Structure formats: structure tokens, C-alpha cells
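Novice: Here's the letter readout for the chains.
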Amino acid sequence: MKPAQFEQHEPQTVEEAVSLLESLDDRAILSGGQSMVPMLRFRLAVPETVIDINRIESLDYLEEEDGWLTIGALARHADVEQSELVDENYGSFADAAPLVADPQIRNRGTVVGGVAQADPKGDWGSVLLAHEGEVVAHGPDGERVIPAKDFFLLPYDTTLDENELVTEIRVPTPEPREGSAYHKLKRKVGDYAMVGSAARLVFDEDGRIERAGIGLTAVDITNVRATDAEDHLEGERPGSDLFKRAGELAAEQSNPESDEHGDAGYKERMVNVLTQRALGDAAERAGVVKRRVSQ
Amino acid sequence: MSDADSADATRGVELDADDADGDTGDTYTGSREKRREDVALLTGRAEYTDDHEPPGTVSLAFVRSEHGHADLKEIDTSTAEAMDGVIGVYTWNDLEASPSPGRLPLSGLEGDIPAHPVLATDRVRYHGQPIAAVVAEDRYRARDGVAAVDVEYEPLEAVVDPQDAATDPNAPQLFAEAPDNVATSAELGDADATDRAFDAADRTVEIDLTNNRLIPSALEPRAAIAEFDPDEGFTVTMTSQSPHGHRRKLAHTLGVREGEIRVISPHVGGGFGHKGHHHPGEAMAAWCARDLDRPVKWTATRSENYLEGAHGRDHRTTAALAVDHDGSIRGLRAETYANVGGYGLGVGASMPARYGRLLASQYAIDAIRCETHTVFTNTAPIHSYRGAGRPEAIYVTERLVDVAADELGIDPVELRQRNLIPSGAFPYETPVGATYDSGDYEPAMERALEAIGYDDRRDRSGTTWDSSGEDVENGAIDDGRLRGVGIANYVESTGGGFESGLVRVLPDGDVEVYAGTHSHGQGHETTYAQLVADALSLPIERIHVSEGDTEAIPTGTGTFGSRSTIVGGNAVVTSAEKVLSKVRRIAAAELEVDPERVVYDGGAFTVSGTDGSEAATASARGDEVSFAAVAEAAYGRGLPDDLEPGLEATTFYELDGTAYTFGTHACIVAVDPATGDVELERYLAVDDCGERVNPTIVEGQVHGGVAQGIAQARYEQVAYDDDGTLLTDAMDSYGVPRAADLPQIETDATVTPSPLNELGVKGIGEAGTIAAPPAVVNAVCDALDVAHIDMPLTEERVWRAVSEERGDVN
Ligand SMILES: Cc1cc2nc3c(=O)[nH]c(=O)nc-3n(C[C@H](O)[C@H](O)[C@H](O)COP(=O)(O)OP(=O)(O)OC[C@H]3O[C@@H](n4cnc5c(N)ncnc54)[C@H](O)[C@@H]3O)c2cc1C
Chain L
1 MKPAQFEQHE
11 PQTVEEAVSL
21 LESLDDRAIL
31 SGGQSMVPML
41 RFRLAVPETV
51 IDINRIESLD
61 YLEEEDGWLT
71 IGALARHADV
81 EQSELVDENY
91 GSFADAAPLV
101 ADPQIRNRGT
111 VVGGVAQADP
121 KGDWGSVLLA
131 HEGEVVAHGP
141 DGERVIPAKD
151 FFLLPYDTTL
161 DENELVTEIR
171 VPTPEPREGS
181 AYHKLKRKVG
191 DYAMVGSAAR
201 LVFDEDGRIE
211 RAGIGLTAVD
221 ITNVRATDAE
231 DHLEGERPGS
241 DLFKRAGELA
251 AEQSNPESDE
261 HGDAGYKERM
271 VNVLTQRALG
281 DAAERAGVVK
291 RRVSQ
Chain Y
1 MSDADSADAT
11 RGVELDADDA
21 DGDTGDTYTG
31 SREKRREDVA
41 LLTGRAEYTD
51 DHEPPGTVSL
61 AFVRSEHGHA
71 DLKEIDTSTA
81 EAMDGVIGVY
91 TWNDLEASPS
101 PGRLPLSGLE
111 GDIPAHPVLA
121 TDRVRYHGQP
131 IAAVVAEDRY
141 RARDGVAAVD
151 VEYEPLEAVV
161 DPQDAATDPN
171 APQLFAEAPD
181 NVATSAELGD
191 ADATDRAFDA
201 ADRTVEIDLT
211 NNRLIPSALE
221 PRAAIAEFDP
231 DEGFTVTMTS
241 QSPHGHRRKL
251 AHTLGVREGE
261 IRVISPHVGG
271 GFGHKGHHHP
281 GEAMAAWCAR
291 DLDRPVKWTA
301 TRSENYLEGA
311 HGRDHRTTAA
321 LAVDHDGSIR
331 GLRAETYANV
341 GGYGLGVGAS
351 MPARYGRLLA
361 SQYAIDAIRC
371 ETHTVFTNTA
381 PIHSYRGAGR
391 PEAIYVTERL
401 VDVAADELGI
411 DPVELRQRNL
421 IPSGAFPYET
431 PVGATYDSGD
441 YEPAMERALE
451 AIGYDDRRDR
461 SGTTWDSSGE
471 DVENGAIDDG
481 RLRGVGIANY
491 VESTGGGFES
501 GLVRVLPDGD
511 VEVYAGTHSH
521 GQGHETTYAQ
531 LVADALSLPI
541 ERIHVSEGDT
551 EAIPTGTGTF
561 GSRSTIVGGN
571 AVVTSAEKVL
581 SKVRRIAAAE
591 LEVDPERVVY
601 DGGAFTVSGT
611 DGSEAATASA
621 RGDEVSFAAV
631 AEAAYGRGLP
641 DDLEPGLEAT
651 TFYELDGTAY
661 TFGTHACIVA
671 VDPATGDVEL
681 ERYLAVDDCG
691 ERVNPTIVEG
701 QVHGGVAQGI
711 AQARYEQVAY
721 DDDGTLLTDA
731 MDSYGVPRAA
741 DLPQIETDAT
751 VTPSPLNELG
761 VKGIGEAGTI
771 AAPPAVVNAV
781 CDALDVAHID
791 MPLTEERVWR
801 AVSEERGDVN
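Note that the protein sequences, when read in sequence, are chains L and Y. In terms of UniProt numbering, the first sequence is residues 1 to 295. In terms of UniProt numbering, the second sequence is residues 1 to 810.
Note that these hints are calculated values from the structure, not bench results. Given the structure is predicted, the values throughout are model-derived calculations rather than measurements. Where is the CB? At the ideal position from N, CA and C, for every residue including glycine. Hints may be right or wrong, so weigh each one.
Residues on chain Y that point at chain L, a partial pick, calculated with CB under 7 Å [stated by the list, open to error]:
no., residue
1, R139
2, Y140
3, A674
4, A719
5, G735
6, P737
7, R738
8, A740
9, E796
Partial selection, computed: residues in chain L whose CB lies under 8 Å from chain Y [unchecked claim]:
no., residue
10, D191
11, K244
12, E260
Calculated from the model, a selection of chain L residues having no Cβ within reach of chain Y, i.e. all distances over 12 Å [said to hold, decoys possible]:
no., residue
13, P11
14, V50
15, D52
16, G190
17, M194
Modelling step: build the complete structure from the supplied sequences, incorporating the hints.
Specialist: Shown next as C-alpha cells:
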């Protein structure tokens, strides 16, 4: 690693971290470092000061509380991957965790850091959007809760204030008839997504879709919701024709760019395929359909 | 157990009965001796170049071109020079004003085409070409300095495709001395005979294909530390596959005598060719060490290694096969544009012209004709990369055979079998001038077909049977994926050039072995020790193997081209035999008998015969001289008059001909038609490299080669944009696969010894890179029932092929 020179601070509490953010000018937060360290190394980030938050022990948690699954800023990808709680009730999180990067990166990198990084290719943003989750931030004026849909602005840019620290992300605990899933297409093990699609379906007692959430990875300038598809699903009974149409709508709403891994047309098509598959799994996990149709 | 079960049960395990084929009870040769180098490697004790840091070492880093093709207007180094910790900033002007020529060697080209300058002159010809060098107290400051050098460019139009560069009249010209950007044009084979074969054949089958450009991704990037002493000259510690070769090349670039340079190469973390070539890094480090009188270290970053190359492959080929309805192959024709990059490196610019020598693969083809043009483009230089021409040739033929089979409606295996060179035909000379020393192709092919369950799987290609071979209707899960099976035969030319081997017995009987090769993953320490221990009938612990220091080792060639065991192995064994004959004479003197009467067994010499002579007396006395006692005697007084003291021998060994390894690889793929994702469900390699000194090491070489071959077929992809900017300058974008992307690799072997050397060995280092690409592409084309898809088989390309085949492209 050959970064430019920087100072490093290691606050022990959220308050300390916030006051450092307030008092220092040119600084960057470091959590798991799995995006920050490469940026420093390539000198894409050249901060004067790095605020390492890894010593704020109060932020190391992953638990259900007051109707939310809460993930503290120091919970690592691996914590999600290994959590029984997640495995039993949060299909999309359980699908996504082992697909984020590789084991070494998952041991260090945090879910919150992944969300804060706001890389459109990151997986967690899509999952958070599909679940209509929230981002909890702390700043000089105390706590602020930002709905996921209002969080992502541009690649690597969010609505977080300069002096705020994200302390937690959270999603509602599952309803009685809820299922979720995440599908990701990547070139190789450990890669970022070429395309990813997270789906969450909540069914009413009649087996109709009461709420649908779809979050897409790597097909726009941020992680995005496929709102047209969500609208099309709500109030309907699940089925392969419905999911097919939802897949098409998600694809139409996406704006992928061509790169060396695939051109935009292909990726749009993959939004369709992966969204159908994620919806199929979500419906199956909600217990309202038996076996999803084979492709 | 069903057949499928038993095949599964042996997955990842050697399939052949090793104990049966290796009658190796008392010898190390042929046994699965554990690699002795691994303890140091696995515990992190092994020292690599970058671990080496003489006191006072300073750090070198390069300013590299941001453009693929540009004139350099101005290089402003003043800010960098004034920076804290920066010791020197150099450009071409500094090199030009020095006694060093400052250009890397270039050979095999006609005319005065300029060689690669260590630092760019007035124009850059590829993205990443070094422009200026910054030396600073540490690597951080060196980077700071690099960032502060201001280069003013005037960008020029670029060309990156070799065929465009040679054939498009509007393509920019890289060198006035190379019209149409062509470095060399070469022809192999008889044009008239080939024309006649095509005229006479029932049918012509054609293919256009690309052999994709690859970037060597050794775990350890290139590095060098140069020290200079006015009396001793240069000591360059570096990542080298070929220390003597690098000494020679450095002498050229620096303009000094070879005797003034010592090259030391410690442990090397993989090479694949690019640590055999000479690059600006080590030359500049040495130049700076002399200029600054400080040790200078250069360690490439991953991106630098990617930018600078040398890359491998990158061929565009149009080829045709002349076949009869019954499947007889009459002729083969190929025309290839091979990319050289922005500058030729060494023989890199001319070598591809000989790639066509393997176009016959395993087949008796009446006539073959190959035209190859090597072409300059605005891309990183290309040089040999594991396989070096053989994968390119075999890929052409093995793809053509599958396409022909499809067009003729003959099974691809049957088509191959019908045309195999018969086992009685060796040595066999091909129409492109290769003489295959030995071969027995049918049995290797049979083994592969049987193990993969070919007939059954082939019947159901393009359907959704699962990997166990069970039919969907018979209970296997229909996962919706299409299965295909692919076969590729290959030959591999191995064992070129000479090699040195020195065997020295120390006074206590321990044995030192020195070879001019340099292991960088191949396990020479173990292989050579096995060979020498057997040659001298000594316990293997007594054998100590060294490589990688030009001061200690007789002039040698190096490790590349699957050559070390053949030429290096035979060199050390021949030296051991020379030593043994002297040992025998000394022992005879000690035992006071004629050397012919001396029997050597179990590390001790005794006397044979009971004919009443002195020998019988000695024998009766039970006299015995140990190897160690003889060793001691060799350095003491009282040697027979006609023997000089000392106990060592050196051999410079060269093969009279070329040894041709061969085999058959087979794989089964599952393709998700909705996404184009390809999974290799099984991969099986049957290789014949003659006698196997250490089957485990041979399999390791196969595994690594297959991994790289699969990587080429499935993943690895170099993208330059039209301006010559390298887009894939990191492992993730380029696509180096990880272990979990690769299938379990099953290995098996047949043994057809090479008649060209006493050990009967052939090389195996590159086999996997040769056979795997066609095996994988053939399998995917089989699954989709399409003629051809270019490598790498990205999800998108495969998906498009499925969609086109099904007529639902969007
Ligand atoms: C090779 C590789 C492959 C990867 N593959 C994937 C993948 O497939 N999917 C995926 O989703 N991600 C992937 N990642 C990114 C990885 O998940 C990172 O761990 C994650 O993006 C960042 O988390 P981190 O804890 O490491 O944060 P850091 O790297 O420490 O920080 C990331 C950014 O977030 C900011 N930040 C961190 N924590 C906070 C906070 N609490 N409040 C405010 N700002 C904060 C930092 O200032 C920085 O800008 C990959 C990374 C690498 C290197």
C-alpha cells in the first residue's frame, strides 16, 4: 500500500467520532477499510486525516429490536453470513452475504460501510431498498433517520451530512407472509455484481401481494428501486406471467452501462431474468407458492 | 456402484493405478516424493526479491504513459526534483548522455526497427510505457515524486488490433521502418501441395477465430534490487526465470560486459514467461544504482505489471480444413495476424512466426500451410506466455476439427480417431517441419473418453441431463441448464536449447547440484534431488540443489518452454554419472582391484567375483568402501596417479531433437441459457509426458496449466479502447479466476518414453494451457449446438449465442 501521508484518529465513542468530524477539515471515516484502503492505496482518496471507527464497540451488533433487524456500523459482512437469525428470517440478506466479495473481505468489511460507500455495484443498497429499510446517522445535532430510498444520491455520494456518522442500518422484521431473495450475476467468485436484483414480497391473507420491494444492483448511478415493477405486482396473485412482466418492467426502468463484462442490452435482459428469479424465490419463501418455475 | 458413481468416487484423485505403472520400489524417480521446497514456501520463510533490502536501499518508481500513442512535448521534472526525499528524476536524455545504450535487446527482425527504450524517447507507443524514473528514499516518496512529474502529451491516433494495423490503409503507422506495421511475415509448409489438397478434398471447412490476449498474473509481481560496486560491478537480485539470460540482456542494455554483472534470483513467485523477458524495471534499477551509488529497489505494482506486460497470445486467425466426406483430413491452411504490441521485446516480435509448427496436432494431414504476420500496435508488448505459440496452434486445429465434424455429421471423436498419426509412424515429420519423437495417441484418448463417459454424454448433448449422466426423466433434477461435452487432443513441443548441470561431491559425501534452470513453482529442488539420488544411489537427504545465481552456476539457459526436467534433469544426471565413474575408480584403488570388479550398492563399494585373485581376497575379507570414504579420498592424498583431486562434473546438455508430449483433455459443461453462465462440471486431463520423475509434481503442473487454460477460455480478457487505453488494468476487471471458479481437475496418464533422452522424459509445464481452451470451447459449442464462440466465453457471448441459435435475440 502506497498512500499519501495522513494522520489517524481512533475514537472510542460515537460522540468522540462526531466531534472529530466537526473539528477536522479534510478527513475520511475508516471502518472495515475494504473500500477505503484501496482508495487510499490508489490515491483516489487523499485525506489529511483518517478517523478509524473500529474502536467504537457500541456499534458492533446485529439483532432484532422493536420490530427492526438492526445492523450496527461495525457488524461485518461475515457476521451477517454467519447469523442464524438472518438465515432463518431474512432470505435476501442470507443470499447476499456470501456473495459479497471474498471471505477475507467479508471478515473485515462492514455492511454499513458498504451502504455508506454508495457504490452502485454494492449489494447491500439493493437489499436495503427492497426491504424499505432505513439508515440511522449521528451528527452534532444527534440522531437522524434517513429512509433508504432517500439515501443514495450519486455513485459514492449520499445524503449524509458532512459531519454525520452512520451508526446503523435497519429493516422491518418480517410480516407473517413475507419472503425475500437476492440474485446476483457475476463473472467470478468474489466479484462485484454485473447485475443484481433483491426482491421482498409481503402477501395478504388471500395470497395477494400486499407489498413488493425490488432493489437493483449495478444498473444505474446508484442502487435503485424498480418502482414500476413493484406497482405492477401489488394487489396481484403470484405467478410466472406476473413475474415475467415484473422482470420486463424492472429491465425497462434500469439504465445499465456497457463495459468489458457485458453490454447494456445484455445487462437489461439480465435485470429481467434475475428479478424473475428473485421474485420466484421470495414467493416460495413466503410460503405462498410451491416450487418456482424452472427457467 | 454404477459407472457414474465410480467415476465420481475418483474425482480429484489420480485415476490410474499408480502403483501398477510405477515400478518404483527402490528408486526415488517415479515416486511421489514430497516437494522439499514447500515447507519454506508454505510457512512464509522463503525469501523473495522484495524481502531483500541491503542497507541504504532507495526506491525506484516510474512515470508511465497515460496514452496509447502520443508525442511527448515536454517532461517537467522540476517539482518532483525539489521534493523532500526525492533523490533523482531521470528521462531519456539522461540515459542518452550516459555510456549505456539504454535500449532493450531486440532480435529476429529485418531492417532498423527501433528497440524498446528503457525510458521513452520522443514518442510513446503504448499505455503504461515508462517515460521517467523517480528515485526516492522510500517507495511512498517515490510515488509522491511520480505524481509530481508533469508530462505534456500530444495524443496520436492509435491502433490496437493486429489485423487492422496490418490491413487497414488508414491505420496509424508505429514505425517508419515497419511498413503496414508489419514486424515479420513468415510462411510455413508447402503452398502448392496445400492448394492441391484443398482442390482434391470433398469439402472445405472454415473458421475465423481470435486467440485472446492474456496478461500473466504471477502472484509475485516483477521486482529487482540493483547494487553497484566500482570494483565488483553490478549485483542484480531479481525475479528471474533465467538468471544467465537476464545477465546477458542486462549487459546489452547497460553496455557493460557480462562478467561485470551478477544476477541472483531468490524464490520466485510464479513467472509464466514474463519473468524470463527483459523489461525496463531491472535495467533502470541497475542504471540508477551506478549513477547514485546506492542500492536501488524496484517492485512493480499489480497495475504496473498489467500495463507493461509482456502480455501473451493475441492472434487473429482465418483457417480452413480440407476434408473428405468420410472424415479424412487432407489439408489445413491458416493465416494469422499476431500482435507484437508497441515494441518488440527480444525474440518476442519474431517468435510467433513459428507458431504454425504445431498445427498438425495429432493428425496425419497431407499438407499444411501457415502464413503469419507479426504486427505492431499501440498495446503492451507481447512475448511468450505459458504455452507460447502451442496453445494458439492447437486451438486452431482442435476447433476446426469440431466444426468439420459438425458439418460432416460425424462425431468429433470419430473424426479425430480416423486421422490420428498411427503409433507405428514415429518419429513422424509433419508438413510444417516438426518431427514428433514418439507417441501413442489412441490409448490416451480412450482413457479420457471412458473416464468422462463420452458416448453416453455425447448422445444427450444440448439437453439437460445432469453431471452424473442421469437422465432428467430418470430422476435427476432438471435445473434447466444445457450440457455439453468437449474433447481436445494436443501435442506439446518440449526441451529446446542447452542446459547446464553441475554435480559436486563434498569431502563428507554430501552432494551439491547446480542447474542453470530456475524453479519458480516447478519443484526442481525435489525433482533434481530424486534424479541425482538415484544416479548416485544415495539417500535423497544428502542431495542439495541450488539454482539462481550466475556466480555459482555454470552458464545455463533457464526455466521456460517445459524444458527443465528434460535438459536440466538430463544435465544433472549426466554429471552424476560422470562423477560416479570417477568414484568407482577411486573405490577400486582403495579396494586394490580393477574398476570393473567394483560393485556399488547401498552407498558402499564391494568387490565382485571369487576367482582366486586379489579381488577374491578382498571380497573374502569383506572389504567395503563407503561413498563418503571415497569422497574424502578424492580430496586427499594417495589418489591414483592418473586422477586429479576433486569430485565434480559439469554437463552442458542439449537434446538432439524435440520431445513431444501429448494427451487428451475432456470436459463437461452446464450452460444456463437464460444468463449465459457456464459451469465446468467435470474436467479430465490425460497427459503423456513420457517417464514421470515425480507424478505429484507432474499433476501439479497439469493442474496449474489447466487452470490457466480454463481462465483463457472462460474469464480472462484484455480490453483496450480505441485510443489504446488499457481498461482491464487490475485482476478483477481482467478476470483472473479464483479456486472456487475452477472445477475439480481429474488427472490420468499414459507413459510413452521419449527416445531422445536417457531418462525418457518429456516436458509437461504447458500442457494444460494448450489443451484446456479448445476442450472448454468445444464443450460449450456442443452444449449450444453452435459452430464457434470466441474466447473468453463471457456470459454475454454465450447468452447471445444461445439466443441467436434459438432465434430470439433482442
Ligand atoms: C475486491 C473487492 C470486492 C468487493 N466485492 C464486493 C461485492 O461483491 N459486493 C459489495 O457490496 N461490496 C464489495 N466490496 C466492497 C466491500 O463490501 C466493502 O467492505 C464495503 O464497500 C465497505 O465497507 P467497509 O467497512 O470496508 O468500509 P470502508 O472501506 O472503511 O469505508 C467505505 C466508505 O464508507 C465510508 N464509511 C464507512 N463507514 C462509515 C460510517 N459508519 N459512516 C459514514 N461513512 C462511513 C468511508 O468513509 C468510505 O468512504 C468489495 C471490495 C473489494 C476490495
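Novice: Checking against the hints above, which ones are violated?
Specialist: 11, 16, 17
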